[in-house]
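K.L.:
Residue numbers (my numbering), protein chains in the order written: chain P, 1 to 290; chain S, 1 to 663; chain R, 1 to 136; chain C, 1 to 198.
The hints are simulated quantities; they were obtained by calculation from the structure and are not laboratory data. What you are looking at is a predicted structure, and each value in this text was computed from that prediction instead of being measured. Even glycine gets a Cβ: it sits at the ideal position worked out from N, Cα and C. Mixed in with the good hints there might be a few duds.
Straight line, CA to CA, 35 Å or less: simulated DSBU-like cross-link-like pairs of lysine-lysine [said to hold, decoys possible]:
{"hint": "1", "chain 1": "R", "residue 1": "K117", "chain 2": "S", "residue 2": "K379"}
{"hint": "2", "chain 1": "R", "residue 1": "K117", "chain 2": "S", "residue 2": "K546"}
{"hint": "3", "chain 1": "S", "residue 1": "K166", "chain 2": "S", "residue 2": "K233"}
{"hint": "4", "chain 1": "P", "residue 1": "K184", "chain 2": "P", "residue 2": "K100"}
{"hint": "5", "chain 1": "C", "residue 1": "K147", "chain 2": "C", "residue 2": "K159"}
{"hint": "6", "chain 1": "P", "residue 1": "K69", "chain 2": "C", "residue 2": "K147"}
{"hint": "7", "chain 1": "S", "residue 1": "K304", "chain 2": "R", "residue 2": "K123"}
{"hint": "8", "chain 1": "C", "residue 1": "K8", "chain 2": "P", "residue 2": "K3"}
{"hint": "9", "chain 1": "S", "residue 1": "K321", "chain 2": "S", "residue 2": "K570"}
{"hint": "10", "chain 1": "S", "residue 1": "K323", "chain 2": "S", "residue 2": "K242"}
{"hint": "11", "chain 1": "C", "residue 1": "K147", "chain 2": "P", "residue 2": "K113"}
{"hint": "12", "chain 1": "R", "residue 1": "K92", "chain 2": "S", "residue 2": "K503"}
{"hint": "13", "chain 1": "R", "residue 1": "K102", "chain 2": "P", "residue 2": "K141"}
{"hint": "14", "chain 1": "C", "residue 1": "K121", "chain 2": "P", "residue 2": "K17"}
{"hint": "15", "chain 1": "S", "residue 1": "K233", "chain 2": "S", "residue 2": "K568"}
{"hint": "16", "chain 1": "P", "residue 1": "K141", "chain 2": "P", "residue 2": "K246"}
Some chain C residues judged to face chain S by a derived CB distance under 7 Å, without partners named [as the list claims (entries may be wrong)]:
{"hint": "17", "residue": "Q31"}
{"hint": "18", "residue": "G38"}
{"hint": "19", "residue": "A44"}
{"hint": "20", "residue": "P48"}
{"hint": "21", "residue": "T50"}
{"hint": "22", "residue": "R82"}
{"hint": "23", "residue": "K186"}
{"hint": "24", "residue": "R190"}
A few chain R positions that, by computed beta-carbon distances, are all more than 10 Å from chain S [what the hints assert, rightly or not]:
{"hint": "25", "residue": "M95"}
{"hint": "26", "residue": "E120"}
{"hint": "27", "residue": "V126"}
{"hint": "28", "residue": "N135"}
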Amino acid sequence: MLKVAYFPGCSLSSTAKEYDVATRLVCEDLEIDLVEIPEWTCCGATTAHITSELTAAALPAKSLIWAEKHNMPITSPCSACFSRLKMAHLNMEKDPNLKKEVEEVTGETYNGKAEVLHLTRVMLEKYGLENIKAKIKKQLKGLKIACYYGCLMTRPAEVCENDRVENPMIMDNLVSALGAEPIKWYYKTECCGAAFSLTKTEIVRKLSGDILKEAKTCGADLVMVACPLCHSNLDARQPEISKLLKTDLNMPILYFTQVMGLALGYDYMDLMMNKHFIDPKPLLKSKGIL
Amino acid sequence: MARIGVFVCHCGTNIAGVVDVTRVAKYAETLPGVRISVDYKYMCSDPGQNTIIDAVKKYNLDRIVVAACSPRMHEGTFRKTIERAGLNPYLMEMANIREHVSWVHSDDKELATQKAMKVMEMAVAKVRRSEALSKMFASIEKRALVIGGGIAGIQAALDIAGAGYKVVLVEKEPSIGGRMAQLDKTFPTLDCSACILTPKMVAVSQDPNITLMTYAEVVEVCGYVGQFDVKIKQKAKSVNSKCIGCGVCVTKCPNRKSLSEFNEKLAPRKAIYTPFPQAVPNVPVIDRETCTFFKTGKCKICEKVCPTGAIEYTQQDEIIKEKFGAVVVATGFNIYDHSNYGEYGYGEIKDVISSLQFERLINSSGPTDGHVVRPSDHKEVKNVVFIQCVGSRDESKHRPYCSRVCCMYTAKQAMLLKDHYPETQSYVFYIDIRSAGKNYEEFVQKAQNDYGVVYLRGRVSKIYERGDKLIVKGADTLSGAQVEVEADMVVLANGLEPKANAKELAQLFHMSYDQYGFYNELHPKLAPVETAISGVFVAGCCISPKDIPDTVAQASATAAKVCALFSKEKLEVEPLIANVNQLTCSGCETCYNVCPYSAIEMEDKEVRRGDMRHVAKVLESVCKGCGACVGSCYCKAVDLKGFSDRQVMNQIETATTELSTND
Amino acid sequence: MSNEKKKDINVVGFLCNWCSYAGADMTGLGRNIYPSNIKIIRIPCTGRMDPMMIIEAFHNGADGVLVSGCHPGDCHYSEGNFYWRRRYPHLKSLMEHFGIDKRRFHASWVSASEGKKFAEVVKKVVADVKDWQENG
Amino acid sequence: MKYELQLKNIKEGFRKDVERLSQQKISNCYQCGKCSAGCPVAYAMEYPPTMAMRMIQLGMHDRLMSANTSWFCVSCETCTTRCPREIDIAKVMDTLKIMAQAGKYKLSDNEIPIFDWIFLKSIELTGKIYEIGMIGAYNMLSLNPFKDVFPMGVKMILKGKISFIPHLIYNPIEMIKNIRMFKRIKKKDRERIYEKNA
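Given these sequences and hints, build the entire structure.
P.N.:
Right, here's the structure in full:
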């Protein structure tokens, strides 16, 4: 059984509870043991690295150290958390001085051995696409999915590792494996506005609007994401965006574990899809998936 | 006791600006054996050299040390100087106090001066043990090898042959012509590339002094200037000399599975093919990788249709050994592979094409007969975006250099497009326009003013497809605006890089090359077509990116160098070679085994009366003076003239002692 | 800091004429600064390196020795640097056996175009020798 | 717009501060404009990233720090990923914000600094983010108390997306450790930004 240190992140215990639930369900099915890091602290998100470089490294360091101590790869379903964990790891590797300071403020030593993986990579690379295929109960035939990666799981290039920076394919490959059709589009890694959700909302509306518009133009039925931040910008702000663009976008936004959950045979309520602002029920019913 | 003269050069302020040269000269006077020491502004100038000659006569000097620049720069100069003064040229040593001292220790003048004194002292120590050496001569094989049949190789071959010497021109592809044959028109005159190139190609094939070997590669090189032993692999063409070039085989060949290299993979080509209609020689070759017969044993259509019975499936690769006195390397360039640019679509967007692809598209003998259409759907284009500096000036892609020709050919391509299709609109994204050359700046201005090409100063960040259009997201830094252009086609100005196997070829000749694989000239300014290997010359884009006029000029320069070499009856060679003291040689044969040139011979000789022994002997005309034998001799019987054990030991001893005057 | 002035370290560098010596010239052309502790001896090829020369250098009191030649495969004389490449590890372990700390004896490959690299190599060698001298 | 170049801000001062804290070689920038071309928020910036880089090169801190440029950077790292000169431009933008928030240069935005302060306070005190408290506090402090309440906020609460109880680190020892860590970080940051140690 694959044991992985699990860093859910703040959003997954509140605004993105459904992501957490779906993730745990799917991992249980795939026999991936998610060991939640006890007493994890927030990764600091964008705020930390624009306020203090040291905070940005020290906050994730605690979780990295725990994972290293317990000899497990560390993962987070949230792209922002993943990015912060990975960047903290890489920055400490690049800058020994920073590492020294982090060790001083946390009072613990880090040997730089933690393996930070995004949840998609844990599933597709550690667990294996073929193994996932073997578990599928229901093919998601006829569903056109726009895979939206966002910034934080692909950039900068060091974070991306095995995938391509400009046109990543990891989620597209997953979608194909589930029997659905990944659409070809070029807004996969455009920014949704991310952390500006509260502060500079008008930017979020514009950027997320562009993404939703492009997905619609390219013929997507739904947008699949791997980040609660992207989700809240694309989903919770979608009514406002629709109003702004004077069209009814009505584009359901699902987490990738929810889409996997559908293929593994879970239903609407198991995956807490009722929590979304844009209800995917009519779409999924029309495709015969629910 | 030796009578040594030390001459310290200021090199203007190059040395004197950092090193206290008078102190160096003063210190020299305190060294044993030094009779006179002088410092002078420019030692290599005429008066400087005369100072040395006068001093030799006046003080009856027998050994000279010149503390100046690198011996790689001026050793030859000063050897000649003291020869004029009547001394043996090998009784001179240079102390490198410029490249190795003043230029690299300018941070601390005191330490630099002390080091200069020490470096000079080491040279004095070495020259004390120097011996007079007599000149050696070697014969010259007056045939030249030219590698690469592009415009550089063609020009060099024609010039050398024109002077009456025999030339072998080796080309890897089935035809000569190279990159220039692929181009449509040339900047800034807009004359047709093929029209000015093909007469030269024909001249090569008709010149009785030139032997043309196409579909061939150099595989092994031994020897040295005057006597290069070269092995050339003639790949099997599967077509013999009976071929009259009628082309029936090509027409009838049913196999269209490969893509034409000459047309930059824009069109298929047959398994039996000539790269282009004007090919020289006009003899097709069979590509055995794709030919149906070679893969399945069935087909043989070409053999059936050939009117002269020229198809020969049984032909084998052949290794041909030849001797040459000099070599011209002109292997040219590849364009940068833009599939490394993810933001420009990883080379997967069909209508994002390379500059060479554009040349083929707009060329009337190209795959589309000169129609500029989109490779994806063969539709004509309206808006075309040109992006400069793709694989140039880009550190993140490990190509930080400027490729020199892209600004110009982009302007040319935009103009040609407008000439062909007046209703099209071109946009050029550039960083800086580099148009240094006769009539070049005027040419770029013309593109902007007369042809209405819109120049935008900024790199493009992303290209993506939306429907059948390409969205180009760029910027114009001059106005500070983001610019988005909806284009039908994007042409990338791919930078120039060396051929993929440039390094392997360099290693055959032991030429040095830079981190990209461009060959190093002997001196970037004063010996731009020579290499560190005497007798090997370089021309064209294998040294660095350059345009056609510069390439042709360099090619002719190599020809002049080759002819100058061949005009001598005998070649003077450095006598810095190994010699064996047969009295102490134990006959162990280690040196015989390590010598890379087989310059050691074992002989049974009576070294002393009644002492018959198996001993080593150096073949003087073969030895190149690498010293591998010296380093491996167990009984110190082998030594190397000019770098003898005694000389080096003296240097080591001096290097490790403190300066004697500083108390 | 002791009052006695410490003797500045002294490194002897043996550079092959075709690559590293030319590379060191390139360092000068590019005006890359490096420590002046190194004294350079020009040799035709690293294949010429007689182990006695290195022993002699240490015996005479050199604090460090650097031997630098062409990259493997790029030797001007085809294979001279291969001989050196095989000789070096043996010599290095022998030197350690003699009590010469491994930080004092270095080999590197620097081509004629790698001026900057040569400066880096010298800096590294001098730093290593300093480390040995100060920390033992 | 005439600008009097201040040599002290080129050779030292502003430019050196940016270079030191971001560990990026600003002189590497040759103004190709690729960062501006790909920036998703450049349309809203007073100076696009390319120009910001130039202003750092010329030490024009007064102009750059009173502009919205760095505050509108959304940290998507598109510029960093594509920069042909391998400059981490996003990190340079971070550095500008860090310096402004530390009070070393002019602070020209208030939304983000307020948000950042609340956000980090939340982590400092609870180890995690207390969303409703954070949003409430932010709306209060930014003098826009009803921002996003209707309909989004209400809907969120109805869907159970936002909880009223803060998620705390339950272990009080860990919490004290956490608060102490923040104290130490603050000290070190000040040293770093104001070069007190060096």
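K.L.:
Check the non-interface label on E120(R): least C-beta distance to chain S beyond 10 Å or not.
P.N.:
Holds, because the least Cβ-Cβ distance between E120(R) and chain S comes to about 13 Å, which exceeds 10 Å.
K.L.:
Has the given pair, K117(R) with K379(S), been kept, meaning a C-alpha gap of at most 35 Å?
P.N.:
52 Å, violated
K.L.:
Quickly compare the C-alpha distance for K69(P) and K147(C) to 35 Å and report which way the hint goes.
P.N.:
The given pair, whose Cα atoms are some 44 Å apart, is violated under the 35 Å limit.
K.L.:
When you check the alpha-carbon spacing of K147(C) and K159(C), does it fall within 35 Å?
P.N.:
The given pair, whose Cα atoms are some 19 Å apart, holds under the 35 Å limit.
K.L.:
Starting from K147(C), check that the Cα of K113(P) is at most 35 Å away, please.
P.N.:
Cα-Cα ~44 Å, so violated.
K.L.:
Do the numbers back the hint for P48(C), that is, is its least Cβ distance to chain S under 7 Å?
P.N.:
6 Å, holds
K.L.:
With the threshold set at 35 Å, check whether the alpha-carbon distance from K184(P) to K100(P) stays at or below it.
P.N.:
The given pair, whose Cα atoms are some 45 Å apart, is violated under the 35 Å limit.
K.L.:
Would you check the hint for K166(S) and K233(S), treating anything up to 35 Å between C-alpha atoms as holding?
P.N.:
20 Å, holds
K.L.:
Have a go at the Q31(C) hint: is there a Cβ in chain S nearer than 7 Å to its own Cβ?
P.N.:
6 Å, holds
K.L.:
Grab the minimum C-beta distance from A44(C) to chain S and call the hint holds if it beats 7 Å, violated otherwise.
P.N.:
This hint is violated: A44(C) lies away from chain S, its Cβ roughly 11 Å from the closest one there, beyond 7 Å.
K.L.:
Can you verify the interface hint for G38(C): is its Cβ closer than 7 Å to any Cβ in chain S?
P.N.:
For G38(C), the interface hint holds, since the closest Cβ of chain S sits about 3 Å away, which is under 7 Å.
K.L.:
So N135(R) supposedly isn't at the interface. Is its beta-carbon more than 10 Å from every beta-carbon in chain S?
P.N.:
Per Cβ check, N135(R) is outside 10 Å of chain S; nearest 23 Å; holds.
Hint check: violations occur at hints 1, 4, 6, 7, 8, 11, 13, 19, 23, 24; the rest are consistent with the structure.
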